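Enquirer: This is what each chain is made of:
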Amino acid sequence: MKRIESVNDFVIKFANVNGTGSASANNLFAKALFRMGLPVSPKNIFPSNIQGLPTWYEVRVNEKGYLGRRGGIDIALSVNPQSMAQDIGEVLPGGYFIYDNTKLLDIRLHRDDISIIGVPLTRICNEQYDDPRQRQLFKNVIYVGALAALLDMDFKVLTGLVEDQFKGKKNLVLPNIHALELGYQYARNNLDCPIGIRVQKSDKVGDKILLDGNTALGLGALYGGATVAAWYPITPSTSVVDAFEKYAKRVRIDPGTGQRNYAIVQAEDELSAIGMAIGASWNGARSFTATSGPGVSLMSEFLGLAYFAEIPTVLFNVQRAGPSTGMPTRTQQADILSCAYASHGDTKQVLLFPSTPRECFDFGALSFDLAERLQTPIILMTDLDLGMNDNMSEPLSWDDERKYDRGKVLTAEQLEAGVEFGRYLDVDGDAICYRTYPGTHPTKGAFFTRGTSRNEYAIYTEKGEEYEANMLRLLRKWDTINEYVPAPIIVDCGMETDTAVLYFGTSEEASREALDHLSAEGVHLNAMRVRAFPFNQEVQEFIERHKQVFVIEQNRDAQLRTLLMAEFEFGPDKLKSVLCFDGTPISARNIRKQIKKHLNSDNVLPLHRDTALLRAGETS
Amino acid sequence: MSYQLPKFRHPELPVNDLGYTRADYEGAISTLCAGCGHDSISGAIVRACHELSIEPHKIAKLSGIGCSSKAPTYFLGNSHGFNSVHGRMPSVVTGAALANRDLLYMGVSGDGDTASIGMGQFTHVARRNLNMVYIVMNNGCYGLTKGQDSATADRGSASKKGDPNIYSAIDLCGTALQMGATFVARSFSGDKEQLVPLIKAAISHRGFALIDIVSPCVTFNNNTKSTKSYEFVREHAEATGTIDFVPMHSEITTEYQPGHAHEVTMHDGSSIRLYKMDESLNPFDRRSAVNVLEEHRYSGNILTGLIYMNLDSRDLHEVLETSQRPLNSLDESDLCPGNKMLLNINASLR
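As they're listed, the protein sequences go chains A and B. Each step along the first sequence adds one to the number in this note's numbering, with nothing skipped, and position 150 is 150. Each step along the second sequence adds one to the number in this note's numbering, with nothing skipped, and position 179 is 179.
Hints listed in this document are in silico derivations from the structure and should not be mistaken for laboratory results. Computed from a predicted structure; not experimentally measured. A virtual CB, placed ideally from N, CA and C, is assigned to each residue, including glycine. Misleading hints may appear alongside valid ones.
Claimed, not checked - Straight-line Cα separation of at most 30 Å, DSS-like style, residue types lysine-lysine; simulated pairs:
1) Lys340/B <-> Lys403/A
2) Lys340/B <-> Lys169/A
3) Lys167/A <-> Lys340/B
4) Lys477/A <-> Lys348/A
5) Lys192/B <-> Lys225/B
6) Lys146/B <-> Lys463/A
7) Lys340/B <-> Lys246/A
8) Lys103/A <-> Lys64/A
9) Lys463/A <-> Lys547/A
10) Lys170/A <-> Lys201/A
11) Lys408/A <-> Lys146/B
To be verified - Quick list of the computed label-pair ranges, beta carbon to beta carbon:
12) Arg350/B <-> Lys408/A: 39 to 45 Å
13) Val319/B <-> Pro233/A: 16 to 22 Å
14) Glu332/B <-> Gly19/A: 32 to 38 Å
Stated by the list, open to error - Incomplete in silico selection of chain A near chain B, CB under 10 Å:
15) Lys208
16) Ala277
17) Glu301
Just chain B, same shape as in the assembly (with noise of 0.2 Å):
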């Protein structure tokens, strides 16, 4: 276990608009298996972070355990972290996002933990429109011990271990958006090139915000029979579109027209650009998402890039109407009533 980067850097490593170089936004050297897909999310974590110019103390990242829950530890070094318990992460990060709004609130979990032990959370948290990143390192199998078939391996794929497997997948984007989730993405660990401006459009939105990006097991699950390898998602995926993230602050507003290019300005003032390729897609109608989803799922392909975003969300925040100054740091005289109060309390229990 070694957790000490080589303090090495390149001398003129860009620098983002805070002064951050990417090396700010590192964590410690993984100790995944090499080839890891958990590996090159982390990666595109810290790029889009670094490239938003977030503060990394004003975010927070948290997991629940097993290989994807491990990955936190990989980026952001300089952002707390909780590596919880399996399965519970939404309901850490509720209970954080509830008591401290102004900080950003990076879920990390796998498949196992998500789509099996935490499927209740999961939900619940989507459905309860949570403002966060939720990001599956989704890769079909239980790595930690040692490559046993997860919910959302397909059925009929195949591990290492070479049994199919015998039970149906579980779809976290479909189910994501059947539970009410505001933003719903999918990706692939080996294209950054979709990841980065997924991940920049989610931080960006908000509310629920869910990407199920399938990232290769290269020791247990990435085999020739497995439809979560390298090779199979590579030949099988087909994106909505490809996504640019433009941090702009200017309003852009654009009407969305199916075969061009469009702009979407988010909640913060900056704005995506879409190039879609699938036309039968409007990503921002839950019912086309649902459809399109579950004819990818009938064709044997796999559908990558935004699916669904609501743009007029509502978040917990909004919904419990809670002060706009964080209630970690209200203090007696913003909570407690005094003891004039409970004078007229007792009175009336008399």
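Just chain A, same shape as in the assembly (with noise of 0.2 Å):
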């Protein structure tokens, strides 16, 4: 057998019960990785339940700074029976199995091809620890202390997290460190340390910080001075709010009288969530709602009205894998078009994709700007890989002197001063009204918000010239709003080239690395991150310049590709699929894969372009 040997690169997988509190001890793990400065990228692969069900925990090192999922197990550390079959699967070959054995591995489950590693965890526990929940707290502790030593981990990295973690609480410092020391020596003088994969310090991380985009998303809505926050439970966008409400609580409360300078309503449902956020931002404030895929098709009615009436609204969608419920806890970019032109008649909606947390701060922030500054819905696309994974990202800052664009809004003064006002009057050409908030002025400036067709003067109409003026006016915007979001970013391989990928949100990590791979291999292409929608103009030029190019999706349909298709008009033929949607992170593997079978059966060979051309040539 020849075992995998490799230094600071590696993929390892924890096979947990849900509800033991395994969570922790992996984070801990992932986070002793961090600070010995190395890249990591945890993520959680959880059911839809409390307790008792498999839950999985993926953590791939990688020296280089690869952070999306490559696909294949290095290590699997199994203490999950239920899943075990499964879990030693899984590992390719050459790789390890670390195991409770004290129970002994099933034999119709082994394997000869990897290598097996037992670890006492339940006889270690039951020999320490009386109380059953202690036994079962700290055999997630004690695994990682065996860890520790068969990857060569620097031990005083994880004892300092620990005390770090538990700062000001000794009682929990040293039982803790107690379990690590345990597997650490369990490991030490029973196992040969190291295996063939280890890790050293490195110097890869620099200043950056380990966050999952949705608390980074809640932060963005404190910073972008959001008050009113009013959402409806579900997963994965739960932890936006619980962010928001956890810094609030920290920075919105009046030390001398107590008072919140923020409200946060858990609505009976995602219809009264929007409304709220609706109601709230119709009348001044800065407002949220956070929600899912299931919660989209609720609010979509109400986004109708915010786009119809131009109510600045802030939305939210942490997207996982649909239809209908769909794979709750799994991941998916699969709203893309059920958000674009969300609520009946014409209606189309503002997407912004981040794809790190980084991103998830500063467009979270900007989305409030660019609500009122636009008057219109701004949705927000992130989806459950990002926003409840940690991730390696850009440190989060924020300029001091920045100011909130509150957009165009009308004071009292100037309706004194005699100012026409038409809640629909196009005034400045940018076909961007001028809005007033309710209280203003006296007998100035009031008027009537509404979902039905009124005229520039928000009076009801059903005149036809009336509401196609309106509509056409709404396209206009439309255009106003292009130069408002931000652009993609293109990224040219230096090689002179036809083929090209785009990608969008969590797939930007994968995509990079697999296209360093296929340029290893020969392969040049240019990419692009879209960042928005609607598309900017460079997107469009972008797919012009090239004669092919594929868009890589977490989604069945392909829905980007169906929305460029739509806006711009491309060909089916221009504009090739790669896709992944089983829920679980799209990998480099699969879109190398995806992207060389396209380019084979096309028998388009980007670098080859002129044999390509004589082959052609020959055969007509």
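Quick one: dock chain against chain with the hints and give me the complex.
Expert: Structural data, given as structure tokens:
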């Protein structure tokens, strides 16, 4: 057997039972590697359940900084007999299977092509602890200690982390360190340490942070000045409002009076949640709601109202696998179309696609400026992978000079001075009109907000030409919006090529890695990351510049590709799909494989254009 | 569709404390059917707001969809209005009220908008005790779609079409009581003397105030077999008592004694004077209110007037401990913690 040998480059998967406290031990492991200067990308793969079902935690360690899913498991650490057959089966040949050998491995599961390493976790716990809960919790910490020895980790980093984590709680620090040592010493004394895979200190992390996208979004809302949050619990978006509340409690409560500069309401459903957000925005407060696919379906009617009546609205959509309840704890990018054209009638909604926690923070705060400037819903499209997993990210920062852009709002003074006010009157020629907050002026500036058609002065109308003029103005507004939303990021491969890839959101990391590998194989592709809908002019030009563009997305129906074709009228031959929709984050290997398959079947060899042309000439 | 009122007014229209005439509280000319109960309610709202001397622009009127929800166009023309989505007015008001606690929120809805499509939001806004006046213009039918029975239509009641309603009716006052509403009243669009002081009391109440107003639909539900017709309601209405609203700001407190006139001080210092007719009702006791409602349901009569009021209610802002300054008036300096905090957060994430 040829063992997998590597330094600072591997994928490890922990197989646990949910509800047993494994998450914090696994986090401890990932963060310790991060503190050793190693880029890590941990991913929780969890069931829609509270206790008793299999749950996995996959950590990729990669010194080159590739953070997407690689595909394949080098080390499996199994403490869950329920999923053991699957877990051992997933280990790559030459890999390692670490398990609790208090009960010996079922002979039928045995594999000759991997190293099987036993650590008697249950026995150690039973010897050490009397309390059943302690046995369960510390079992997790003990295997982290054993791993530290097997991978040659810096033990001091682990103990340092425990001290930081339980700062000021001495009664927790010592038992945790003791449990780490139990595992560490057992492995040292009884097993061959290190195994073929090991880690050593590095300097590839810089000033980066390890943060989940939902917390970053909650902070973005806080910094963006949100005061009203209305929501209905739904995985995977729940932690957005949790984070907002956590930090609002720290900084938005007046220490003197105890009064809060924010209001959070858990609504009775998503209909109500977005209704509250719209009501607050209409009344001049910055407000948001967070949800996932099923919530978006329920919110669609209100999104149409906000589009048509031009009310600023901020919606964070943390996407999960649909349709219907789908796989509620698995990731997808499958709400693109339902959000882009959310609601009945002719509607177009603004979408933002962050791909890192830093962008969640930046776009999260930006959403409020955009919503008020553009007077329309802003739907920020993140997903479970970005939202609920710790992602390595640029640190967060805020320009203290920054002022909120409150958009076009007439003041009492302006109204008093006799400024002409028509709520839907395009005074500036950018199709964005002036609004007034309720209560501004005793006799001027009041108007009726409605979802029915109305003229420029907000008076109800059923005249076709007035309705049409308003709908056409909304289309012109779409052009204005185009100037405000984040532009795409284009990565030129530096070689002559007529083929490119296009991706967005959480496909970025895996795509970047796949392109590096393809490049090493002589296939050079330009790349563009789309960051918003409406698509910027640059998006169109980029696609036009290339003969063929692979559109990478995490859904079945190639939704972004459909949107590109609908908005730009590109033919289906120009845009080829690279898709992943099994609920796991898309992997670099998957992308590479699909692109190569396309290239081979289409006989398109980007670097060898002359040869391809020659061949085409021969056959004709 | 006409949206301009005739400009002519009596030159000596009475002005209120703010110097406004009643015309300053009126809206566009109604496009509802001639004789529609809703127009009388609009008139009562205009009169109540004028007499209470509330600045028109300090009121926000919000509605859902339906005939009732069109009504806000026809009153308070100097107030911001929001004709939202069917059955979803409560959520929009909740958001609006959270954004600015200093305005008066007047929600206008109908029986379809509240008791059917909006039942969920209605019950939840009641239990949150949002500080608002919630007016239901209740005609037992869907007017805009030509007269289908609504969920408040009594079993056996028949609209113009003639088929008796086969389902049991939802009593919005009873529902509101169950949900924890802190002010519950029922009235009749044809009884302005009762309605105007009730609206004033509802405005002064801090918390969720429901007034379920039977408001006959002259076109589809004003026939002899309907229990929401003018005739039926006039014959079957039994008032809990009469009520006077006293916008005084001196402290008045009186023990409540059945059979006499009582003055009760409201949160804002004004008071209401109750003249009780129904000896069995104590409107400050929820159990009593529930019982009396149930008895009237049993006898087939319509109980009108103030049914329940909780003078000690804590509204949503109090419960959430929100700032006394309206949230929509806060800016960067109040809301944004600045880069320094991010430096600390970043450090904790390494």
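Enquirer: Does each hint hold? Answer for all of them.
Expert: Results of checking the hints against the structure:
no.	hint	in the structure
1	Lys340/B <-> Lys403/A	17 Å, holds
2	Lys340/B <-> Lys169/A	26 Å, holds
3	Lys167/A <-> Lys340/B	22 Å, holds
4	Lys477/A <-> Lys348/A	11 Å, holds
5	Lys192/B <-> Lys225/B	25 Å, holds
6	Lys146/B <-> Lys463/A	23 Å, holds
7	Lys340/B <-> Lys246/A	17 Å, holds
8	Lys103/A <-> Lys64/A	39 Å, violated
9	Lys463/A <-> Lys547/A	46 Å, violated
10	Lys170/A <-> Lys201/A	28 Å, holds
11	Lys408/A <-> Lys146/B	41 Å, violated
12	Arg350/B <-> Lys408/A: 39 to 45 Å	42 Å, holds
13	Val319/B <-> Pro233/A: 16 to 22 Å	19 Å, holds
14	Glu332/B <-> Gly19/A: 32 to 38 Å	43 Å, violated
15	Lys208	8 Å, holds
16	Ala277	6 Å, holds
17	Glu301	6 Å, holds
Violated hints, in rising order: 8, 9, 11, 14; the structure is consistent with all others.
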